[in-house]
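Here are the chains, one letter per residue:
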Amino acid sequence: MLDLFNIIAAQTTEAGADLNQFQQITKEFGINGKMILAQIINFSLVAFMLWKFAFKPVIATLDERQKKIADGLQFSEEMKNKLAEAEQKRNQCLQQAQQEAQKIINDAKETAKQSTKKNLQDAVSEAEIIIKKAHQSISEEREKMINEAKQSLTEVVIQTVRKVLNKNLSAEEKTAYNKSVTKELAELK
Amino acid sequence: MTYSNSKLKILAKKLLQVSRDEKGNLSSQQVSKVLALIKKQFPSRQLRLLLKHYLNAVKQALLQEQAIIEYAGTIVPSEIDSIVKTISQHYNRSITTIEKNVPELIAGIKIRIVDDVYNTSIEQKLQIIQRKNFS
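One line per chain: the protein sequences are A and B, in this order. To convert a position in the first sequence, counted from 1, into our numbering, add 2. To convert a position in the second sequence, counted from 1, into our numbering, add 8.
Hints in this document: simulated from the structure, not taken from any laboratory. Do not rely on the hints blindly, as some may be mistaken.
Below, a list of computed lysine-lysine pairs in the DSS-like style, where the Cα atoms sit at most 30 Å apart [said to hold, decoys possible]:
hint: 1; chain 1: B; residue 1: K118; chain 2: A; residue 2: K185
hint: 2; chain 1: B; residue 1: K93; chain 2: A; residue 2: K181
hint: 3; chain 1: B; residue 1: K67; chain 2: B; residue 2: K21
hint: 4; chain 1: A; residue 1: K169; chain 2: B; residue 2: K108
hint: 5; chain 1: A; residue 1: K146; chain 2: B; residue 2: K118
hint: 6; chain 1: B; residue 1: K67; chain 2: A; residue 2: K169
Same shape as in the complex, but just chain B:
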């Protein structure tokens, strides 16, 4: 049996859903199980293409579960927890974080989740003032 590319994409998305745990987060154990299953049961002719689609889907899912928090100065862990809590509630899913100290921001926080950006830094405010004067 041969699957078309679009069908393989749909199949990869379904496999991604299977790869989540009870909380809806991606689980490495589940992913391993899915990979073993694919390797065993899927025809080797289209295996490579399905794995590619599955990898993309997993990457996309990981990005959606990951927030990059950039800040200048210091930020206490409780504040990061508070941010994570807020974001998780907002997106209705569990979010992991990567923190980066970026002195160029001067002060404040910049959060990026996939394509969404929340920037409260002083640098951003200065840029807004500059753009207003330039337009």
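One chain only, chain A, in its complex shape:
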């Protein structure tokens, strides 16, 4: 126990020696503890003031700008996505339009083909009708001509017979004819 006390006493003596040494050094370097404390307080105050009125608004502004940039980037990303989507849609629409256009062209070609075919059929039918009518007309004309010729011939024959009978039928023959028709009339009753 005594030893321990001696050790501590020794150490305390050593510590006192060290303290003196420390005080000597600080004195040599001109370090004043109170001044340091005051400087610390001043520094703290300045740091607080700077933090409060300079750094904080700047940081807030920076955060805001950061946020704005982030929003801008997000917006840009969204726009990019939308643009891509719009591009895709446009391509789809374009493809669809192309398909529809192709379909319309095909339909138009088919319709034109059918129309041409129908027109051809109509033309053929019309031509057939015209030919038929022409044949009919020719036939009718021919029949008419034959009838006219027949009538003319009959008329000529009748006129000739009339003239021949008028010229060559003698009075006796006429009387005999009259007698025969009178007889016929008498038989009619």
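Given chain A, work out where chain B should sit, using these hints.
Only chain B this time, still in chain A's reference frame:
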């Protein structure tokens, strides 16, 4: 008393019946008697119209009693008598005739009584042949 037109026509027909003799033929004597009677007894206001109807009835009756015989060539009177006899029997009334020589008939006889025509002429036969060929 006033008669309507239709009644006057009926009266004219009755007067025509009175104008015939016993054989049913129109008699000039009977017609004269009828005319005298009408003149004497019928009101003068409608006399003209009745006479008109009576005249038409008499004309119609005369036409019905008259046959126009057209012929070409010659026809002997006995044949005409035969025709008249036949026609009279057919129509059951006495028929008088008017004969006409029409050379256009060529030969044969054409008889016309009112609207009835009997044509046996050669001209008619030629016309029938012509019509047949034309139809």
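Evaluated hints:
no.: 1; hint: K118(B) with K185(A); result: holds (14 Å)
no.: 2; hint: K93(B) with K181(A); result: holds (15 Å)
no.: 3; hint: K67(B) with K21(B); result: holds (12 Å)
no.: 4; hint: K169(A) with K108(B); result: holds (21 Å)
no.: 5; hint: K146(A) with K118(B); result: violated (35 Å)
no.: 6; hint: K67(B) with K169(A); result: violated (40 Å)
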